[in-house]
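Peer 1: One-letter residues, chain by chain:
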Amino acid sequence: MSAPDSGNALAPELSNDVHQRIGQLTRQLHDALSGLGLAEKVKSWAGELPDAKDRLSYIARLTGEAAEKVLNNVDQAKQQHEHIASETRRIGALIVKDPVGAVARGHVLNFIDDVEKTSQQIDANLTNIMMAQDFHDLTGQVIAKVVNLAAGIESQLIELLLITAPPDPLVIATDTTSAAVPAKPLPVPQGPVVKPEGNPDVVKSQSEVDDLLASLGF
Amino acid sequence: MIPLALLKDLSMAAELKFLVVDDFSTMRRIVRNLLKEIGYADADEAEDGVAALNKLRNNSFDFVVSDINMPNMNGFQLLQEIKKDDKLKHIPVLMVTAEARKEDIVMAAQQGAAGYIVKPFTKATLEEKVNLILTKLGLRQ
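Chains A and B supply the protein sequences, listed in that same order.
Residue numbering for the first sequence follows this note's numbering, beginning at -6 and increasing consecutively.
Residue numbering for the second sequence follows this note's numbering, beginning at 292 and increasing consecutively.
Only chain A is shown next, with the shape it has when bound in the complex:
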């Protein structure tokens, strides 16, 4: 069965008209971008988008590492906990069988010592699990930056849309109002460095921080 061709093919006059409209819109867009300095902003988006990609990769890496760290520490803690449980059962059986012997042969004291050491190891695992949650802070800062970038692009696109839309008194009025209130970004710290490799302006470890401060006499 053949598809009906009516409606799919444009009449030659209509096709020319569409091409002309596209050409006009392209010229209008180009003029608007150049005239309002938006061309530079578009160039900067091109620079920022790979940066956003790096930031998202950083989030994926950090969350992955945190999950791995938590699971490893949980595995260890569970083994240690199981060790305490099985030792408790073993010592319990020894005490039931021969209470005096269990104490005299040092089984009970050894058990107490073992429980204390294993508990310390479990405590260290719990601390590691707690520390692994620091990804929330680090990724949160990076996510905020990516959201800001997306919001910036969105507002610029809206501005572009308003500029390039067909003349409309309401749109012109809105545009004039928005132009009267220029966005003034507050200076804020940069947040986590997602790509420290090859960047001489950032430190990569605490020892580099210490060395830098020591070189300054602190």
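Hints listed in this document are in silico derivations from the structure and should not be mistaken for laboratory results.
Being a predicted model, the structure only gives us computed values, none of them experimental.
Where a beta carbon is used, it is the ideal one built from N, C-alpha and C, also for glycine.
It is possible that some hints are incorrect.
Unchecked claim - Here are the simulated DSBU-like cross-link-like pairs (lysine-lysine), alpha carbons at most 30 Å apart as the crow flies:
#1 Lys414/B <-> Lys110/A
#2 Lys393/B <-> Lys46/A
#3 Lys414/B <-> Lys71/A
#4 Lys427/B <-> Lys197/A
#5 Lys46/A <-> Lys71/A
#6 Lys110/A <-> Lys327/B
#7 Lys414/B <-> Lys138/A
#8 Lys197/A <-> Lys410/B
#9 Lys393/B <-> Lys188/A
#10 Lys410/B <-> Lys46/A
#11 Lys410/B <-> Lys71/A
#12 Lys62/A <-> Lys410/B
#13 Lys414/B <-> Lys197/A
#14 Lys197/A <-> Lys393/B
#15 Lys327/B <-> Lys197/A
#16 Lys71/A <-> Lys327/B
#17 Lys427/B <-> Lys62/A
Unchecked claim - To give an idea of the chain B side of the interface with chain A (calculated C-beta under 7 Å), a few residues:
#18 Thr317
#19 Met318
#20 Asn324
#21 Ile359
#22 Asn365
#23 Ala389
#24 Glu390
#25 Ala391
#26 Arg392
#27 Lys393
#28 Tyr407
#29 Val409
#30 Thr416
Put chain B on the given structure of chain A with help from the hints.
Peer 2: Same frame as chain A, now just chain B:
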């Protein structure tokens, strides 16, 4: 055996009151828990520089552990406010931050930060820096 003098100093250090400043509640909780683990159980928290300054001016604190990248008032601004306030400037401020640019570290030191830790950090690093600062101030042996 731990000398009696050291025991006295350690107990004195344990009574110090800390203020943990970070906009992320997870990090505030982590730092408070770590401080407790290393012997400093008395800690309050604030979510940004403004809240921290308010608490510092209305309560008595001995030590501030502060993030830098925060809304309303960042860590640099908080440090500046603390150091220009005659009643607060004696309080040591340890920066614990993801800001890893060398210029930030230098600026923090020049503004009077007592120490600088980059995130992510370990319990051992926090313990070392806090104890070093307290030792320098004569609050711990």
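Peer 1: Hint by hint, say whether it matches the structure.
Peer 2: Hint check results:
1. Lys414/B <-> Lys110/A: OK: Lys414/B and Lys110/A at ~19 Å, within 30 Å.
2. Lys393/B <-> Lys46/A: holds, 24 Å
3. Lys414/B <-> Lys71/A: Judged against 30 Å, a Cα distance of about 22 Å means the pair holds.
4. Lys427/B <-> Lys197/A: Judged against 30 Å, a Cα distance of about 26 Å means the pair holds.
5. Lys46/A <-> Lys71/A: Roughly 37 Å separates the two Cα atoms, so the pair is violated.
6. Lys110/A <-> Lys327/B: holds, 20 Å
7. Lys414/B <-> Lys138/A: holds, 28 Å
8. Lys197/A <-> Lys410/B: holds, 10 Å
9. Lys393/B <-> Lys188/A: Roughly 15 Å between the alpha carbons, so the hint for Lys393/B and Lys188/A holds.
10. Lys410/B <-> Lys46/A: holds, 21 Å
11. Lys410/B <-> Lys71/A: holds, 28 Å
12. Lys62/A <-> Lys410/B: holds, 16 Å
13. Lys414/B <-> Lys197/A: holds, 18 Å
14. Lys197/A <-> Lys393/B: OK: Lys197/A and Lys393/B at ~10 Å, within 30 Å.
15. Lys327/B <-> Lys197/A: Cα-Cα ~28 Å, so holds.
16. Lys71/A <-> Lys327/B: holds, 24 Å
17. Lys427/B <-> Lys62/A: Distance ~35 Å between Lys427/B and Lys62/A Cα, so the pair is violated.
18. Thr317: Thr317/B check passes; min Cβ-Cβ to chain A is 4 Å, inside 7 Å.
19. Met318: Because about 4 Å separates Met318/B from the closest Cβ in chain A, which is inside the 7 Å limit, the hint holds.
20. Asn324: holds, 6 Å
21. Ile359: holds, 5 Å
22. Asn365: Where the cut-off is 7 Å and the nearest Cβ of chain A is about 6 Å from Asn365/B, the hint holds.
23. Ala389: Interface hint status for Ala389/B: holds (4 Å vs cutoff 7 Å).
24. Glu390: Holds, because the Cβ-Cβ distance from Glu390/B to chain A comes to roughly 5 Å (cut-off 7 Å).
25. Ala391: holds, 4 Å
26. Arg392: holds, 5 Å
27. Lys393: Interface hint status for Lys393/B: holds (6 Å vs cutoff 7 Å).
28. Tyr407: Hint on Tyr407/B: holds, closest Cβ of chain A at ~5 Å, below 7 Å.
29. Val409: Holds - the Cβ of Val409/B comes within 7 Å of chain A, reaching about 5 Å at its closest.
30. Thr416: Since the shortest Cβ distance to chain A is 5 Å, the answer is holds.
When held up to the earlier numbered hints, the structure conflicts with 5, 17 and fits the remainder.
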